[in-house]
Structures are given as C-alpha cells and as structure tokens.
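Peer 1: One-letter residues, chain by chain:
Number of protein chains: 2
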Amino acid sequence: MEISKENFPEWYTEIIEEAGLVDKRYPVKGMHVWLPYGWKLMRNIDDYFREIFTKYGHDEVYFPLLVPETEFKKEGEHIRGFENEVYWVTHGGLDPLDVKLLLRPTSETAMYPLFSLWIRTHADLPLKIFQIVNIFRYETKQTRTFIRMREVHFFESHTAHATEEEAEEQIRENIEIWKKVAHKLALPYVLVRKTEWDKFPGAAYSIGAETIMPSGRTLQIGTIHQYLQNFSRAYEIQYLKEDGTHDYVHQTTFGMSERLIGAIVGIHGDDHGLVIPPEIAPIQVVIVPIVSKNKENVLEEARKVLEELRNNFRVHLDDRDAYTPGYKFYDWELKGVPIRLEIGPRDIEKNQVVLVRRDTFEKISVSRGEYVEKISSLLKDIHKNLIVRSNKEMFSRIKEFNSLDGIREHKGIAVVHWCGSEECGRRIEESTDKRIIGIPFEKKPGKCVICGKETDTLAYVAKPY
Amino acid sequence: MEISKENFPEWYTEIIEEAGLVDKRYPVKGMHVWLPYGWKLMRNIDDYFREIFTKYGHDEVYFPLLVPETEFKKEGEHIRGFENEVYWVTHGGLDPLDVKLLLRPTSETAMYPLFSLWIRTHADLPLKIFQIVNIFRYETKQTRTFIRMREVHFFESHTAHATEEEAEEQIRENIEIWKKVAHKLALPYVLVRKTEWDKFPGAAYSIGAETIMPSGRTLQIGTIHQYLQNFSRAYEIQYLKEDGTHDYVHQTTFGMSERLIGAIVGIHGDDHGLVIPPEIAPIQVVIVPIVSKNKENVLEEARKVLEELRNNFRVHLDDRDAYTPGYKFYDWELKGVPIRLEIGPRDIEKNQVVLVRRDTFEKISVSRGEYVEKISSLLKDIHKNLIVRSNKEMFSRIKEFNSLDGIREHKGIAVVHWCGSEECGRRIEESTDKRIIGIPFEKKPGKCVICGKETDTLAYVAKPY
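So the sequences go chain by chain: D and W. Residue numbers for the first sequence follow the numbering used here, so the first one is 1 and each next one is one higher. Residue numbers for the second sequence follow the numbering used here, so the first one is 1 and each next one is one higher.
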C-alpha cells in the first residue's frame, strides 16, 4: 500500500483491488468482477448465513430473478420506493415482451404470489425461508465498491406468521441472529429504528444495524423489517385459523449484503492492507519458507507443516519461486491473512516455527510440539482483539450534542434529543446536512434540539453512505 | 405417484412437483421456484463441481450478469447464435439506458474483455476459472422443467492457454472431469463431437455428453468446447511469448446445468417416485419410527439412532406426529431417499434396525453393532447398481441401422454410417425427422446411408430435447 489509511476514500479504493478482492474494470458502472480471493471471502460469509439460518429453522430456496410488472405493482408504497431504481427487461430476442419484467431489487414481489399458494392454514405457519442471490438497483448516486453497487450479492430471509406477536418474536430472533453474524465478522454496530421517512418501502417499521467507517460516515450493514400485514393484504396471503375464520399473515424480512465486506475492509484494515477476521478468512495461516542455501530442505519441512495444519486450519503454503520472503510478507499482509508462519533453517534446527499476528505484528516462536494449539488460541485472540479495538474505535465516534453546533463537522454519530416529529426531524437533517440514521432503543429524558419539547427519544445523526 | 413411468412425459411433469423439487407456478413461463429439497440437491451437485474443479486447478470467480451490447457484438458467429434468444435490459428506472444490456446467456462476452486485461505474458497462462450462476435464454420452443428453461442454474469453466496443444490437453482434462461428474451422479452417457451446424456459436468444435431419457429422446447434459483463437482474436487476448513475439491465447470452455437434475429424475426414477444417487442425495438415510403404544420409547431410540448416524451420513428423522409410518414410506420413496431405516419396538428388543433400499426395495435387518458399516456399504451398492442398470438401459437403446428404415420410430439413438458431408447429414435429418446429435469417437468402416460412399464415420441420430 502506497496510501495511508488516513486518506480513507483513496485507501479504500486502492486496497480492494490491490488485495485481489474484485476487479473494477468491468465495463458496466457499479458492477465488478469478483476475483477468487474476494469470492472465497464472500462465500465463507454465505456459508455462515446458511449455517446460522438453518439452525434457526429457515429453509434455503431460490426464486427467479425476473418479476413481472403486474406482480411488482401490487403494493403501492413498495413500488413508489423502487420504481426509479429497477432495471427493466423489455425485449426477448428481437421481440418486445407482452409483460415487462424487472430485475429483482429485493424479492418480496417475486415471493409473495407463491406464499399465497403455499399458505393455507395455521399448520403452514410459521414459514421461514432465505435465499442468497444477485439483486439489481439502478443507482443514480455515485457507486462505490461493496457499498453502493448496481449488482449486489444479497442475502434475504422472509418469514410469515399467524399473529403479530409471533412476527414480533421473529424480529427479536432476527436481532439475535444479527448479533451472531456481527460477532463472527468482528464488526461493531449499533441498532436503530429507522425514521418513518427512511424505513423500507412497505414496512411497518425497519431496524438498521449501522456501523461507522473510518471516514466518519455510517454504513447500514443489516436491515430487519416488520411488515405486519402490509404485503399479505396486497398479495392475498391468508390462512385458515383454528376458529374457522381467515386472517392475513404477518411478515418479516432480514437483509444483508456484500456491504459486510465493505465494512470489514474499512474497519479492520490498516496501512499495510486488509485484516480479515479469522473465522471467515479464506486463508487463516500462510506458510512462508525462509529460503536459504539448503532450500529444498526448508521447502520440504514447510510442506510437512502444511500437512500437519491442514486438518485444523485453512492454510496455504507460499512456495512461489520468483519472490523473496520479504515480498511475500508484504503480499499476505496486504491480503489480511491473520497469521503468517515463518519457517527457516534455524527454526528447523530448533524444531520451532515463528508466528506473526496480522493485527498487532507480534512475533512468537513456538515449538512444533505445541504449535497447533498455539495457532488455535492465537486465532481466537486475534478475533477478540478485532472486536475490542473496532468497538472502541466506533464508540469513540458516537458523541452526545446538546445543540446542533458542531454536528456538521463531527465525524461519526451525533446523539441528540428529538421530539420525534417529522418537522423537527427534517430540520435537524437540513441544518446539519446529515441524516437521522435512526432512533436508538435507549431512552433518556431531555429536550428536543429543535423545539425544546420534553422527550426521552434520541436521534442518531450522521452522514450515511 | 398416480402415474406410471410408462407415460413418461406426464410422469416427469408430475413427479418434479410431488417430490418437492420445484414449484412451477411462478408467473413467468420457463422460470420456476426451487424448493428447499430441490435446491439442496442442486447445491450438493454444485459443491461437487467446486471440489473437482478446484482439485484440477481452477479458481472460482463471479462475473456480472449484465453484458453491454457493445461487448456482446464482438464475435460475429457467437452473436448470430444468440441474438434471437437473449433478454435485453433497456431501461433503468424510467430512463432508457445509453447502452443496452443483455442478461448473460453464457459468459464469454462478459469475461473475455477482462481476460484481455489479465493476460499479459506466458507466465499468466494457463488461466483456469469457473463460476456457478444464473443464465437466461429467451426460449421460444416449449419449456420443460430443468431441461429447457428461460432462467437456468449454470456451471461454466473457461480456460486460456499458450498453445493449441495445451488447449487440446485441457479438452482431455475436461473429459476426465466429466467422467467423474457422471460417475458421482450415476448418469450414463455417450460422448460425441457435434456437427458443424450444431456446434456452439463461435467454437472450433464442440463435444456433447448425451444421455437417453425414458422417452427415447436424448438430452445433452454436458458440453465441452474448443475455441482455439476464435474469441481471443475478437477480444484481443494476447500474450507475450518467451521469444518476445505476441500471440493470441487458445481457449476452452465446459458447461453443465440443472439439466443434470432432469436426467437424474428421468433416468433413475420409477413408479414410486425419484431415486436419488446416494453421493448427492440431500438425505441419504431417513429414519421412520414404527410407532406403537410405547411411542415415546421408540421415538427416543430413533433419536439415539439419529445421533449415532449423524457424523457419517446425511440423515433425517421423520418424527411427524400427524402421519402414519405407511404414509411416511410413501413420502420418502417419492423423494427418492436411498435408504429408509425402520425402527420399531421389536427392533429395539432385538437391538437391530431394518434397512430398505430405495432402488430395489430389498429389506435387511441389521444389528446396531454393525449398522454404520452396513449403511456405508449399502449406499455404495445402491450407487453401483444405479450406474449398472442405467447404463444397461441406455445402451439397449443405441442400435445400428444399415438404412434409414425404422430410424424414425426408434426410441433412442440410431447409429448409421455417414460420409460426413453437410448435404448427406441434412438429408438424414430431414428423412428421419430427427437430428444428428453428434459423431461418436469410435470409427468403423462402412457406407454412407445416403450417398453410399465408403466411410468410417458414424452418426448418432436421435430426437433431442
């Protein structure tokens, strides 16, 4: 890396390509090619989605990408929220289509016509499914890798429940799942309820998981939505109750995307490159042989190490001939591999290896008899350290303000009292040139920064990506 | 199943939905919803693709879905082959796009502009990548589940090599990989070279892996293409040779799709439903407790069995309260689970379980002390049996003909001598109302069925899906 993380936007742009996550030269704006290393990272995250959602009783499905205009138009608010940002397929071959098709920007309108066929009685509930797919949004704002893309790698879960209470319980479960995902990825976050004018189109309310990037701007990295009966009424998703009457189901959704990688890059990275959390790292341990005259001997021992570690870790031996150990150090630091294992002639003599932590650069010599355990515990330590230091950093950027003074310049989240009215909310946003990214669950008595009314509601004010 | 496999088209249509693979009621023709059981089967196959191609040195990538019209139009034959069957995105939001975008029907035109940036010198070769994606074809013919779809779940590998010899070596490697895939899925096949007028648009030559469905029609379930320099010239993919000169790379591809599931359904299924090959079965062993008065006791033991088997097999305990064992037998036979494990009070007394093979319905009692090993060997036997019986069935449908008489009525592949000229080839096709699905590698002296010229070339004549 030539660029220090101090210059965050340039650093972010450069590191993504230098580390080999994606290639941005694809000739359509806002769409990139996922390179092997980046795709493996994404797939490791996907695998965790599968594991955790399956554990919580969700089934994986796949719905078609293309949605007929007629289905899309059933829920009014939802259309208005998306009509300016969907891609339209109008022709098949040389012929115009009878019914235009859109590329899913999210899958409510693809799924819910089927939900109305699948759900008949209370015995069919709850219905809990998820899918991992490509979605499309015709973004008119500036695009940014992983953060604001036109093709997005997307996770979405959808549930349907008999009662509002059960849907509310699902929201709590989704939050529980979110906490596990954030832990796995070592990402700091705050949970907020979105304002009425910023909630998901068609939702009763939306909850956002927001993190703070080194630029001070916030990034929404997870969203949980309570739909109640808004969509089920539009899509006629009814069930027969035990008492013989019918009711519309209550629905929730949970969405996450490649933005998680954007957050990992931005939050954990440093002047040397990426720092990938161990649990999802494509390579957890990279072996770099410290080559010397008795080269074959060192390489042979490095291969033994590879074999010994392979069953316990995702490990890679860098046996490239054309590069020096120094270049390899640089390269794997850039790619953020959590542990570098060095082995040279002296280590072989002493029956040891040298381990170097990517997060702190601490160097440890450890005997071959104990190194499997040591690597295990080091990976856990690195994971813990990433959580602790990123949380510390993020929370240092959340600051209370008693007036609007200084909010515009604050790099992070400004916490203010807000009476909750849209009028005052909009004024907060206009005066600071920022947005209310949401309302924290925490309550605290005080006075609205605009109208002075007594309130226990807080607002998080920030500049979101 | 109400319908016997004798009525193959109806049987095929019905079983796919009854077994819970997909839901065909999605409101766009040629696109279906993958249900959890079907999607798991597809994902097991995908996982094997990943395993085998990674082993052979391929890296997984992901290229964008949307291809600009300008890139698509670079290779003339390729466009002409696809221009009638691509979907066009013409609008983003309410605005017409400056450059129209198409949904990939396959990814040559998305990938190769990047190949020309990635490949600089001989040291960058060979390049071997693959991706697993959704592709789109605006099929005007009748659509058919898994077989002829408008959205297709697709595997594609792409390679680039310095020399023609290396590209030819890759074709041989692709064939080797294909054989492993077919073995894993227990699918019978023949390999043929496609005719000039049936090869992939832009290819120098194409090889098809063809199987025969119970209807007697053939299904192409894998394709391997040699492009030589046809695309590299169009996309300017050059490399610097060791001698300082430049040359265009030589390219190959390998494609497979959800058709593999169509073949599994059609070829292995029977009057009771699906028969899924053990290696890729979502559930390998289903435990059905034979419920009696001391129900809890039986269920408890069934749960112990589940725990004992879980580490070795993909196993499911059907503890649904509302259904009888008889209904459950029916249900899991329909879904094609390779082994049913029955456990009832008498089995518990005798410390045994009963195993029932899905392929032969053979029943075996086995003691709990030996049942893990027995299940392992049974799964292998089932796999072997599916290979043997499906090959026997398929090869019984490949028949030599000395004239065109009877070919029209033959349900399967008719083998005839052919001089190799397009004129005679077209006449064979017209007179039989079938197609030359390809030329087998095997040679044999004889006379062309049309012109009578001496030839050692054979043609496979059949009605393809």
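If you're looking for bench data, these hints aren't it; they were derived computationally from the structure. Each hint should be verified, as a subset may be incorrect.
In this list, chains with the same sequence are indistinguishable; a pair is considered to hold if it fits within one copy or across any two.
Stated by the list, open to error - Only pairs whose alpha carbons sit at most 25 Å apart, straight line, appear in this in silico SDA-like list of lysine to any residue:
no.	residue 1	residue 2
1	Lys100	Tyr56
2	Lys29	Ile135
3	Lys463	Arg435
4	Lys128	Asp321
5	Lys363	Arg310
6	Lys100	Arg25
7	Lys392	Asn134
8	Lys24	Gln238
9	Lys24	Arg120
10	Lys5	Leu404
11	Lys463	Glu308
12	Lys55	Pro282
13	Lys55	Arg172
14	Lys128	Arg314
15	Lys447	Pro126
16	Lys74	Leu94
17	Lys73	Pro96
18	Lys128	Asp318
19	Lys29	Lys100
20	Lys304	Arg217
21	Lys74	Phe313
22	Lys179	Lys295
23	Lys374	Glu18
24	Lys128	Ser377
25	Lys29	Glu308
26	Lys24	Pro440
Peer 1: State for each hint whether it applies.
Peer 2: Quick rundown of the hints versus the structure:
1. Lys100 to Tyr56: neither (37 Å within a copy, 42 Å between copies)
2. Lys29 to Ile135: both (15 Å within a copy, 20 Å between copies)
3. Lys463 to Arg435: So lysine 463 and arginine 435 pass the 25 Å test inside one copy only (6 Å; across, 63 Å).
4. Lys128 to Asp321: Intra 51 Å, inter 21 Å, cutoff 25 Å: inter-copy only.
5. Lys363 to Arg310: within (22 Å within a copy, 41 Å between copies)
6. Lys100 to Arg25: The answer is between: 18 Å across copies meets 25 Å, while 30 Å in one copy does not.
7. Lys392 to Asn134: The answer is neither: 34 Å in one copy and 42 Å across copies each exceed 25 Å.
8. Lys24 to Gln238: Between copies only: 21 Å across chains, 45 Å inside a chain, cut-off 25 Å.
9. Lys24 to Arg120: Close across copies (18 Å), not inside one copy (47 Å); limit 25 Å.
10. Lys5 to Leu404: Close neither inside one copy (29 Å) nor across copies (75 Å); limit 25 Å.
11. Lys463 to Glu308: For lysine 463 and glutamate 308, neither the intra-copy (49 Å) nor the inter-copy (54 Å) Cα distance is at most 25 Å.
12. Lys55 to Pro282: both (23 Å within a copy, 16 Å between copies)
13. Lys55 to Arg172: within (16 Å within a copy, 42 Å between copies)
14. Lys128 to Arg314: Result: close only across copies, 22 Å inter versus 32 Å intra.
15. Lys447 to Pro126: Close neither inside one copy (42 Å) nor across copies (67 Å); limit 25 Å.
16. Lys74 to Leu94: between (29 Å within a copy, 18 Å between copies)
17. Lys73 to Pro96: Answer is both; intra-copy 20 Å and inter-copy 20 Å each pass.
18. Lys128 to Asp318: Result: close only across copies, 19 Å inter versus 43 Å intra.
19. Lys29 to Lys100: both (23 Å within a copy, 13 Å between copies)
20. Lys304 to Arg217: neither (47 Å within a copy, 53 Å between copies)
21. Lys74 to Phe313: neither (49 Å within a copy, 45 Å between copies)
22. Lys179 to Lys295: neither (47 Å within a copy, 39 Å between copies)
23. Lys374 to Glu18: neither (30 Å within a copy, 52 Å between copies)
24. Lys128 to Ser377: neither (36 Å within a copy, 36 Å between copies)
25. Lys29 to Glu308: So lysine 29 and glutamate 308 fail the 25 Å test inside a copy (45 Å) and across (53 Å) alike.
26. Lys24 to Pro440: neither (36 Å within a copy, 44 Å between copies)
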